[in-house]
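Asker: Each chain is listed here by its residues.
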Amino acid sequence: MRARIPLTVVAAIAAAATVAACSPAPPSSSGGGGGSSSDTLTIATTTDVVNFNPLIGNSRTDDWITDLMYPRLLTIDANGNKQPYLAKDYGYSNPTTGYYDIRDDMKWSDGQPVTAADVAYTINAILKDKPAGNTTYGQMSNVSGATATSSTRVELHLTRPDSTVIPEVGFWMNVVPQHVFQPHGSVATFPNNSDWVSAGPYKLVSAVKGQSYTLDRVTPYPFAPNNTPTLQKIVYRVYPDINSEILALKNGDVDLIGNSLPPAQVKSLQTSAGIKVQEAPGLGYEHMAFNMTKKPLDNLQVRQALADSVDYNAIRSVVLQGQAVTTGSSPIPPVLKDWVDPSLKEYTYDPTKAKQLLAQAGVSNLKLNLIYSLEDPVSSQAATIIKDDEAKAGITINLEGQERNTYLANTASGNYDIYLGNFAIMDDPTTNMSLTYLPGGAINYSLVNDPALSSLIKQAQSTTDQSTQKQLITQAATTVHNDVYDDVMYMQNLYFAYSDKWTGFTVKPSELLSLLDPQSLANVKKTG
Amino acid sequence: MPPVVRFAVRRLGRAILTLWFASTVTFLLLRLLPGNPALAVASPNMTVQARNILLHQYGLDQPLLTQYGKYLWQLLHGNLGVSFTQQVPVSSVLLARLPWTLLLTGSSLLLTIAVGIPLGVLAATRPHKVLDRFIQVFGVGVQSLFVPTVGIFLLFVFGLQLHWLPIGGAYTPGVYGAAWYGSIIAHLVLPGVSLMLVQLGSYVLTLRATLIDSLGEDYTVLANAKGLPRSKVVWKHALRNALLPTTTLIGLNLGYLVGGAVLTETVFAYPGVGRGIYEAVTQLDYPVLQGAFVLLAATVVVVNMLTDLAYGVLDPRVRTV
Amino acid sequence: MSSTAPVLDSVSTESPTAARATWGAFRRNPLGMGSLVVLVLIVLVAIFAPLIVASPSGYGGAVLQAPSGAHIFGTDNLGRDIFAEVVWGTRISVLVAAAASALAIVIGVLVAMLGAYFPKADSIIGTIVDLCLSLPVLPLMILVTALAGTSVLTEILIIAFFSWPEVARVVRSQALSAVRLPYMDAARLTGGSSTWIIRKHLLPAVAPVVVVSVALTSSRAVLTAASLAFLGLGGVTNWSWGRILFEAEQSGAMSSAWWTTLFPSLAMLLLVVAATLISITYNDARNPRTRED
Numbered sequence: 001m002r003a004r005i006p007l008t009v010v011a012a013i014a015a016a017a018t019v020a021a022c023s024p025a026p027p028s029s030s031g032g033g034g035g036s037s038s039d040t041l042t043i044a045t046t047t048d049v050v051n052f053n054p055l056i057g058n059s060r061t062d063d064w065i066t067d068l069m070y071p072r073l074l075t076i077d078a079n080g081n082k083q084p085y086l087a088k089d090y091g092y093s094n095p096t097t098g099y100y101d102i103r104d105d106m107k108w109s110d111g112q113p114v115t116a117a118d119v120a121y122t123i124n125a126i127l128k129d130k131p132a133g134n135t136t137y138g139q140m141s142n143v144s145g146a147t148a149t150s151s152t153r154v155e156l157h158l159t160r161p162d163s164t165v166i167p168e169v170g171f172w173m174n175v176v177p178q179h180v181f182q183p184h185g186s187v188a189t190f191p192n193n194s195d196w197v198s199a200g201p202y203k204l205v206s207a208v209k210g211q212s213y214t215l216d217r218v219t220p221y222p223f224a225p226n227n228t229p230t231l232q233k234i235v236y237r238v239y240p241d242i243n244s245e246i247l248a249l250k251n252g253d254v255d256l257i258g259n260s261l262p263p264a265q266v267k268s269l270q271t272s273a274g275i276k277v278q279e280a281p282g283l284g285y286e287h288m289a290f291n292m293t294k295k296p297l298d299n300l301q302v303r304q305a306l307a308d309s310v311d312y313n314a315i316r317s318v319v320l321q322g323q324a325v326t327t328g329s330s331p332i333p334p335v336l337k338d339w340v341d342p343s344l345k346e347y348t349y350d351p352t353k354a355k356q357l358l359a360q361a362g363v364s365n366l367k368l369n370l371i372y373s374l375e376d377p378v379s380s381q382a383a384t385i386i387k388d389d390e391a392k393a394g395i396t397i398n399l400e401g402q403e404r405n406t407y408l409a410n411t412a413s414g415n416y417d418i419y420l421g422n423f424a425i426m427d428d429p430t431t432n433m434s435l436t437y438l439p440g441g442a443i444n445y446s447l448v449n450d451p452a453l454s455s456l457i458k459q460a461q462s463t464t465d466q467s468t469q470k471q472l473i474t475q476a477a478t479t480v481h482n483d484v485y486d487d488v489m490y491m492q493n494l495y496f497a498y499s500d501k502w503t504g505f506t507v508k509p510s511e512l513l514s515l516l517d518p519q520s521l522a523n524v525k526k527t528g
Numbered sequence: 001m002p003p004v005v006r007f008a009v010r011r012l013g014r015a016i017l018t019l020w021f022a023s024t025v026t027f028l029l030l031r032l033l034p035g036n037p038a039l040a041v042a043s044p045n046m047t048v049q050a051r052n053i054l055l056h057q058y059g060l061d062q063p064l065l066t067q068y069g070k071y072l073w074q075l076l077h078g079n080l081g082v083s084f085t086q087q088v089p090v091s092s093v094l095l096a097r098l099p100w101t102l103l104l105t106g107s108s109l110l111l112t113i114a115v116g117i118p119l120g121v122l123a124a125t126r127p128h129k130v131l132d133r134f135i136q137v138f139g140v141g142v143q144s145l146f147v148p149t150v151g152i153f154l155l156f157v158f159g160l161q162l163h164w165l166p167i168g169g170a171y172t173p174g175v176y177g178a179a180w181y182g183s184i185i186a187h188l189v190l191p192g193v194s195l196m197l198v199q200l201g202s203y204v205l206t207l208r209a210t211l212i213d214s215l216g217e218d219y220t221v222l223a224n225a226k227g228l229p230r231s232k233v234v235w236k237h238a239l240r241n242a243l244l245p246t247t248t249l250i251g252l253n254l255g256y257l258v259g260g261a262v263l264t265e266t267v268f269a270y271p272g273v274g275r276g277i278y279e280a281v282t283q284l285d286y287p288v289l290q291g292a293f294v295l296l297a298a299t300v301v302v303v304n305m306l307t308d309l310a311y312g313v314l315d316p317r318v319r320t321v
Numbered sequence: 001m002s003s004t005a006p007v008l009d010s011v012s013t014e015s016p017t018a019a020r021a022t023w024g025a026f027r028r029n030p031l032g033m034g035s036l037v038v039l040v041l042i043v044l045v046a047i048f049a050p051l052i053v054a055s056p057s058g059y060g061g062a063v064l065q066a067p068s069g070a071h072i073f074g075t076d077n078l079g080r081d082i083f084a085e086v087v088w089g090t091r092i093s094v095l096v097a098a099a100a101s102a103l104a105i106v107i108g109v110l111v112a113m114l115g116a117y118f119p120k121a122d123s124i125i126g127t128i129v130d131l132c133l134s135l136p137v138l139p140l141m142i143l144v145t146a147l148a149g150t151s152v153l154t155e156i157l158i159i160a161f162f163s164w165p166e167v168a169r170v171v172r173s174q175a176l177s178a179v180r181l182p183y184m185d186a187a188r189l190t191g192g193s194s195t196w197i198i199r200k201h202l203l204p205a206v207a208p209v210v211v212v213s214v215a216l217t218s219s220r221a222v223l224t225a226a227s228l229a230f231l232g233l234g235g236v237t238n239w240s241w242g243r244i245l246f247e248a249e250q251s252g253a254m255s256s257a258w259w260t261t262l263f264p265s266l267a268m269l270l271l272v273v274a275a276t277l278i279s280i281t282y283n284d285a286r287n288p289r290t291r292e293d
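Chains as they are written, first to last, in full-length UniProt numbering: chain A, 1 to 528; chain B, 1 to 321; chain C, 1 to 293.
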């Protein structure tokens with residue numbers, strides 16, 4: 001047995017040495033003192049941080065963590081309405097000039113004030129460097145630049161009237177500190193992976209990829225009691241999937257699961273001791289888009305037949321366990337109460353009528369493929385039901401569940417008959433309709449090109465008058481509904497599980513904000 | 001050239017060849033199979049032009065040979081490139097993960113040997129008896145296990161029900177010093193054991209087969225006849241010979257071990273290279289993937305050299321060649 | 001994902017007349033016979049799945065029900081019968097295992113025979129096989145599947161493509177020792193053509209190793225296919241054991257509904273254990289030293 005010793009010893013020493021190299025140093029007296037675990041909230045997530053630069057990253061955890069450091073100008077309340085955050089006031093001073101008036105009481109954690117210059121810098125840097133994964137870039141197609149006219153006022157210059165820019169950029173863009181980002185040159189290549197500077201409520205202090213991300217509180221933060229966020233620390237821990245997240249929550253390893261629960265798990269967690277489940281409205285929808293550049297999907301009767309053959313109620317009650325609401329087959333999610341048109345009714349499930357429609361259209365033996373992402377469990381399950389339902393109307397659906405990258409490639413090239421998927425956040429109907437139904441729109445998956453519809457959407461875009469805009473959008477939604485340019489199936493309600501040791505979460509719509517919104521996490525408390 | 005030098009040169013040449021092969025295979029697979037990193041990285045709101053600019057920045061619009069030449073040239077200088085998604089050097093992405101893979105695979109390998117040798121000896125010294133049968137079936141059974149199922153089962157029982165061990169991760173954030181090492185060991189137990197289980201079978205079965213053979217060899221028969229105690233014959237003489245194929249097995253299984261760790265790392269949220277590869281695949285982060293495969297190949301090369309050393313210690317004949 | 005193949009290294013060549021002795025020894029081993037019965041049963045289930053239970057297309061309100069009289073393996077998160085899923089999954093899982101290993105064996109044996117018979121090619125072939133063996137196989141398969149797309153056919157091709165080097169390695173070492181045997185020289189001297197010698201003498205000499213290789217490669221293919229499916233890289237058009245596990249994972253049922261994972265995992269375990277035990281018993285039965293008399 002002597003013989004095994006060298007190998008064993010070498011391996012053991014090597015392993016010990018390499019791991020010791022990873023050993024974390026204890027923090028040098030973190031601010032605020034105390035540091036008892038009662039002030040630490042641990043959150044489970046299933047995705048790692050990909051990039052710490054809020055202008056690049058687009059994974060869910062990236063957003064959750066950078067939102068705690070880089071303020072958005074606007075936020076959204078439980079009804080989907082935009083509310084002030086860093087910006088106190090916002091609007092248009094003339095049709096081609098938008099503005100934000102920002103708060104003067106927010107500070108970066110290195111003591112510098114958050115100013116209008118930071119906002120203008122962020123906007124101009126996105127326009128210039130086009131960072132990959134940046135959502136705001138696509139919303140600024142009509143923006144030529146921004147200038148800070150005072151320390152609290154920033155103006156956006158538009159190339160043509162666009163009422164969606166100010167609310168959308170306000171909600172989607174994280175403002176970054178100019179004095180930290182500018183010295184690194186292009187924001188598209190700056191990793192921002194150490195020495196973070198945050199405007200609060202929390203600031204990253206350590207990041208171990210694949211493991212955990214630790215944030216400390218930042219003061220002053222104006223949206224917390226006494227300008228002081230209630231938690232000393234927030235720790236994000238990475239788990240491989242929802243199963244181990246649930247185990248970890250039950251085990252007390254984490255206090256909150258950041259990801260929304262799969263529908264089938266909600267009931268069992270609601271009855272688990274020590275666990276609370278919170279409902280949050282969705283802000284997007286699940287839909288089927290029929291590729292209208294392919295025959296016979298350009299025929300309205302065929303699209304109607306497809307839409308009328310699916311039992312949407314069954315999908316909602318089985319796949320979603322009843323945790324979803326109909327949108328009346330309209331592309332406006334019901335959470336946006338000010339925009340919803342109650343006269344639009346869901347396509348009725350009627351296989352016989354569908355068969356007649358197909359016969360009228362002179363189409364028989366219809367075979368179509370339907371693509372969806374395997375990453376998305378709800379779509380995967382809905383797809384099974386859609387296939388069975390369409391079969392009852394004599395339509396053969398070939399399901400193509402695809403790995404994410406294949407799915408993205410096929411989506412981008414229009415290589416499908418039917419697209420099935422969901423949009424997580426449709427916060428602004430005008431913007432969403434322009435992205436979804438204008439020719440060349442980034443998410444125009446039905447590849448619709450209807451001049452009448454386009455003109456309605458463009459008019460809505462350029463008017464700043466709320467009621468005119470609403471009228472135009474309602475008309476556009478009715479067109480989409482009646483011509484089956486899109487088959488919106490439901491809006492999913494989301495559920496989040498947390499330990500009953502905690503209270504004081506603010507609920508906001510969508511998985512992005514949910515209970516993890518900065519204002520929510522700055523006000524959480526231990527129960528009792 | 002003295003034989004030792006010739007042996008060393010041949011070994012080194014082989015090592016370089018292995019590294020080149022792994023890097024070239026990865027490079028070609030990434031370029032020749034469909035897949036567009038710009039789509040994976042960019043927001044859907046990005047225009048086609050913006051995506052093409054990205055491809056240009058990544059250098060993916062150049063001819064294949066140019067890309068390959070640049071890649072090899074960088075590699076020769078120890079430069080693995082910059083991650084598409086993280087904007088940091090690939091080496092720093094991977095070096096943060098490598099220790100965990102080494103720790104997990106290394107400790108599971110040691111555990112396998114520590115458990116496997118006694119089991120193999122037990123079985124071989126009682127061929128076709130009940131215990132032998134049991135050990136054989138056990139060995140085959142555990143190596144046929146599906147890691148994710150075992151993982152969830154272990155987490156459920158030892159984590160949630162018994163509260164003995166933590167659920168996932170490599171250590172608890174916020175502990176330092178001695179407690180940190182304790183936490184590392186506690187987190188290592190379940191992934192280490194499940195990785196040990198799935199590779200245990202092949203070691204036990206190989207050792208059993210070769211030990212039965214060598215217990216029938218003339219010299220062991222002779223030793224028995226000389227009246228040496230049975231245990232000494234087994235452990236000292238027969239086992240020494242039987243360990244040679246087992247050592248070879250370590251080398252042969254390395255590719256599987258290092259690669260197979262991706263499932264274990266995934267189930268137990270262990271932040272190793274395997275998990276990193278899986279994430280890089282979903283993001284089509286070519287430089288990280290290329291670097292990771294080179295790194296895994298390098299690990300295999302190094303451990304193979306170590307097993308060569310062990311082989312020399314075990315078998316005096318090798319040293320004189 | 002570990003390898004049992006080195007067990008094969010102890011395989012020795014046998015004369016065809018020893019076949020009866022081998023079978024006799026095999027039959028006396030209850031482990032081997034039991035495994036053979038299990039394997040035959042699994043294949044029968046795969047072939048006659050439609051006669052056993054209806055295809056698991058239904059869904060209903062009874063989601064995640066524990067095993068009961070109505071659903072002996074319980075139901076999944078859409079209320080589908082897991083027994084039906086496991087039975088139907090047997091088809092694809094067995095098909096993938098059989099096809100992938102058949103393909104790997106064909107490639108591996110061809111390569112090995114070439115190397116053994118043409119010594120000039122052998123050092124190159126040996127190097128290539130060794131290089132392939134040093135690659136981290138599972139991560140590479142993940143990569144290729146993610147890029148090439150998911151379907152049963154690509155899955156079979158990918159598994160086969162990454163499994164043949166292992167086959168080539170064991171068959172090659174066996175073939176090399178066979179080539180050096182005196183009767184091969186005799187065959188060459190009597191002027192037999194290369195193909196005739198390979199077919200008549202070399203193939204029979206490596207046949208036993210190939211038999212064992214089939215069992216091992218196919219059982220590894222089962223686990224690999226399930227691993228890919230579990231990571232979201234398997235096809236979902238057809239039921240397979242891996243898909244049942246993948247859906248259990250995605251719906252969060254793994255940690256709360258044990259029956260969603262237990263039964264497909266058991267089916268997989270049964271198939272893999274049976275195949276491996278058969279190869280081990282066969283191997284033992286052929287070796288006079290380990291044979292039970």
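The set of hints was computed from the structure by calculation and includes no laboratory data. Here the structure is a predicted model, which means the values were calculated and not measured. Accuracy of the hints is not assured; some may be wrong.
[Stated by the list, open to error] From the derived model, a few chain C residues whose C-beta atoms are all more than 12 Å from chain B:
no., residue
1, Ile47
2, Phe230
3, Thr281
[Stated by the list, open to error] In silico lysine-lysine, DSS-like type, Cα no more than 30 Å apart, as pairs:
no., chain 1, residue 1, chain 2, residue 2
4, A, Lys107, A, Lys267
5, A, Lys294, A, Lys209
6, A, Lys209, A, Lys295
7, B, Lys236, A, Lys128
8, A, Lys276, A, Lys345
9, B, Lys70, A, Lys209
10, A, Lys367, A, Lys392
11, A, Lys130, B, Lys70
12, A, Lys458, A, Lys130
Even glycine gets a Cβ: it sits at the ideal position worked out from N, Cα and C.
Asker: Could you run down the list of hints and mark each one as holding or not?
Answerer: Taking the hints in turn, this is what the structure says about them:
no.: 1; hint: Ile47; in the structure: holds (23 Å)
no.: 2; hint: Phe230; in the structure: violated (5 Å)
no.: 3; hint: Thr281; in the structure: violated (9 Å)
no.: 4; hint: Lys107/A x Lys267/A; in the structure: violated (43 Å)
no.: 5; hint: Lys294/A x Lys209/A; in the structure: violated (45 Å)
no.: 6; hint: Lys209/A x Lys295/A; in the structure: violated (48 Å)
no.: 7; hint: Lys236/B x Lys128/A; in the structure: violated (73 Å)
no.: 8; hint: Lys276/A x Lys345/A; in the structure: violated (35 Å)
no.: 9; hint: Lys70/B x Lys209/A; in the structure: holds (29 Å)
no.: 10; hint: Lys367/A x Lys392/A; in the structure: holds (13 Å)
no.: 11; hint: Lys130/A x Lys70/B; in the structure: holds (26 Å)
no.: 12; hint: Lys458/A x Lys130/A; in the structure: holds (25 Å)
When held up to the earlier numbered hints, the structure conflicts with 2, 3, 4, 5, 6, 7, 8 and fits the remainder.
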